[in-house]
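Number of protein chains: 2
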Amino acid sequence: MDLKQLNPEIIDVQPSALRQFDHQISQYPGIVKLTLGEPDFNVPEHIKQAAIQSINDNQSHYTYYWGIQELRDAASTYYREKFGYNYSADQILCTVGATEGLAATFKTLFNPGDGVIIPGPAYPIYKTLANVNGLTPIMVDTSDSGFVLTSEQVETAIAAHPDVTVRGVVITDPCNPTGVVYTEDQLKALVPTLKDRELWIISDEIYGELTYGVKHYSLSTWLPDQTIIINGLSKSHAMTGWRIGFAFGPTGVIDEIAKAHQFQVTTPTSIVQYAAVEALTHGQDDAAQMRAIYQKRCAYLKQELTKLGFEMVEPGGAFYIFAKIPEACHQTSTQFADRLAADYHVGIMPGKPFGDDRYLRISYASSDENIRTAVSALGKLLQDLTK
Amino acid sequence: MDLKQLNPEIIDVQPSALRQFDHQISQYPGIVKLTLGEPDFNVPEHIKQAAIQSINDNQSHYTYYWGIQELRDAASTYYREKFGYNYSADQILCTVGATEGLAATFKTLFNPGDGVIIPGPAYPIYKTLANVNGLTPIMVDTSDSGFVLTSEQVETAIAAHPDVTVRGVVITDPCNPTGVVYTEDQLKALVPTLKDRELWIISDEIYGELTYGVKHYSLSTWLPDQTIIINGLSKSHAMTGWRIGFAFGPTGVIDEIAKAHQFQVTTPTSIVQYAAVEALTHGQDDAAQMRAIYQKRCAYLKQELTKLGFEMVEPGGAFYIFAKIPEACHQTSTQFADRLAADYHVGIMPGKPFGDDRYLRISYASSDENIRTAVSALGKLLQDLTK
Chain A
1 MDLKQLNPEI
11 IDVQPSALRQ
21 FDHQISQYPG
31 IVKLTLGEPD
41 FNVPEHIKQA
51 AIQSINDNQS
61 HYTYYWGIQE
71 LRDAASTYYR
81 EKFGYNYSAD
91 QILCTVGATE
101 GLAATFKTLF
111 NPGDGVIIPG
121 PAYPIYKTLA
131 NVNGLTPIMV
141 DTSDSGFVLT
151 SEQVETAIAA
161 HPDVTVRGVV
171 ITDPCNPTGV
181 VYTEDQLKAL
191 VPTLKDRELW
201 IISDEIYGEL
211 TYGVKHYSLS
221 TWLPDQTIII
231 NGLSKSHAMT
241 GWRIGFAFGP
251 TGVIDEIAKA
261 HQFQVTTPTS
271 IVQYAAVEAL
281 THGQDDAAQM
291 RAIYQKRCAY
301 LKQELTKLGF
311 EMVEPGGAFY
321 IFAKIPEACH
331 QTSTQFADRL
341 AADYHVGIMP
351 GKPFGDDRYL
361 RISYASSDEN
371 IRTAVSALGK
381 LLQDLTK
Chain B
1 MDLKQLNPEI
11 IDVQPSALRQ
21 FDHQISQYPG
31 IVKLTLGEPD
41 FNVPEHIKQA
51 AIQSINDNQS
61 HYTYYWGIQE
71 LRDAASTYYR
81 EKFGYNYSAD
91 QILCTVGATE
101 GLAATFKTLF
111 NPGDGVIIPG
121 PAYPIYKTLA
131 NVNGLTPIMV
141 DTSDSGFVLT
151 SEQVETAIAA
161 HPDVTVRGVV
171 ITDPCNPTGV
181 VYTEDQLKAL
191 VPTLKDRELW
201 IISDEIYGEL
211 TYGVKHYSLS
221 TWLPDQTIII
231 NGLSKSHAMT
241 GWRIGFAFGP
251 TGVIDEIAKA
261 HQFQVTTPTS
271 IVQYAAVEAL
281 THGQDDAAQM
291 RAIYQKRCAY
301 LKQELTKLGF
311 EMVEPGGAFY
321 IFAKIPEACH
331 QTSTQFADRL
341 AADYHVGIMP
351 GKPFGDDRYL
361 RISYASSDEN
371 IRTAVSALGK
381 LLQDLTK
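Residue numbers (full-length UniProt numbering), protein chains in the order written: chain A, 1 to 387; chain B, 1 to 387.
I should point out that these hints are in silico values taken from the structure, not numbers from a laboratory.
You can take every hint at face value.
Chain copies aren't distinguished; within one or between two, either way the pair holds.
Cross-link-like lysine-lysine pairs, in silico, DSSO-like; alpha carbons within 30 Å at most:
no.: 1; residue 1: LYS188; residue 2: LYS4
no.: 2; residue 1: LYS4; residue 2: LYS195
no.: 3; residue 1: LYS302; residue 2: LYS324
no.: 4; residue 1: LYS307; residue 2: LYS33
no.: 5; residue 1: LYS195; residue 2: LYS215
Here the structure is a predicted model, which is why all the values come from computation and not from measurement.
Okay, chain A solo, but in the shape it has when bound (with noise of 0.2 Å):
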């Protein structure tokens, strides 16, 4: 059988730049990683119980392939108390993670050839789906605007591209790989191209709650009619693995992206749907125990950071430093990676994958005694490297 026949817009994408990262330097014996966007936290006990008491009580049938009708309920509520979401339950779609509905997404809102706006630094995944969907990715370098896309960056990029027809941008807010957090004015400042661009705008507000000190807005407010929010419960209830999601949107949209849904899953697992439930209806301060422990180890590693001369964008939420390496280190992102694992036996994630070269994406999604051990390692790689 010939392989070169099989779907160019799969042979071609490459499998997750950043799992394929993690899985080479494993090789390194004891090796201390802050790569993973994942929290360190465990599932909070009041969940875990729930998930089991949904175990015993034989919650395993198929659910309707929108999800539980209370757990829509509750998401309608928990987002709208959280950050004044408007979205009734039959405007919410329980999804396999946030992955599942970005997925359905892509597929949905656009046709083969459409261009999507991407700003830079990104989340590898946005480009990989726009590829495998047949669709344009446009990416837009934000680094000179503090990693804010801006409406003139919008604009500039419809006009470099006047065979395309551009029909969607992403927002990653809180950011991955910067921990920029929008303000509500850079927000507002790009209502007025969007609406008149008619832009479907992509917004991944997964990290949402894992803000410190500024508030999150949702680009929703101002645009219901052409936002669809990607969000879910992995980052603010540690629930990476248990793949539990939402899409919100419009009717007649968000109707269509449930269709593309159901082909490709189902439905997400009965016994974490129930599980979310008491998430969202008694676990409204989960994420705040967390995010004060991020946001100390956060500010201790941005001091050290600094101390060591690197330069980096105020990080005002998700869990990432995103620091500019010094320039008197004269290493790509990759180079200062590879050798930050081989020599000290500590991994961080180039700024390759997600666009940018000369940049280390450090999570704090680990311990502190990590933390500090990387702190010491990025030292003396510091010294290596300008003696």
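Starting from the known structure of chain A, fit chain B onto it as the hints suggest.
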């Protein structure tokens, strides 16, 4: 925003007609349903305990996107012993139920426009997945060959579509909706044609453990290089809502399917993966108890339906009887099923969504009492229609 500009591959597809019919008849108070393809059993206790253990062990973090190694190892052994599958762990992908495995496989194997042969009557998702991937579904009526696909039918279908590059065929064995189990000879008779034509075979064997007095064979035995097997624990271990399945395929192809899977869902639920290890290492006999009960119900239903004048092919597996409505009724399957629901509050799936409007699909994954009620209602409706 103009919904007409959304992806027509999604817009043009209807939500599952099976779920819609089931939902529609739920309006009738006290309705007895023999509609859905879902075991009426609960998950076996030892698997539930393993899931609870994994929750208590905080197995809540991201797993490798192929699934955890223990599960892939266990699947390799289990299915080798059950059905003679010959796949090492690295040729096995853990999916979010069989549906997600099918979706990733359809996406990967084919290019837009390619033809895929689907023997009918068929579970509707195959045609839907062909449509949402821009393929050409080629429906082949097998009602004149005992609901078994033949080489001649494959050749005729290819000849009838000279403008289409036919690159795949779906085999559902045991079959939903007909209950037919292919014999070894029937499968072997297909091999030369499938080999000569270099067709990918998507072999949906999700009902493989539910056969009654006959053995389940897999086309992969003879065509290992061109078969992708879809299987999972939904039917064999009554784990429908938990969403865990597997795709088995030759190295190279399965690696590509795994990429499509990664960008579609990341992974199946972690705690379900750990529970599935228990199912595959200590649950070899779990299906036997269910099978014995299904077999009794099947025999009873077949006997009663025959008395009432229904014709049917010998059901050898799954949990369906596909029964032809007596011609004296002068009813399409939809008319008949609608009236049965309205007049007698009994739900039975019309054959139309499966591609044959002369038949009913009667699921006996329902209690003995429900089955007796349905038989009685069928008798009364036949009297009404033929008096």
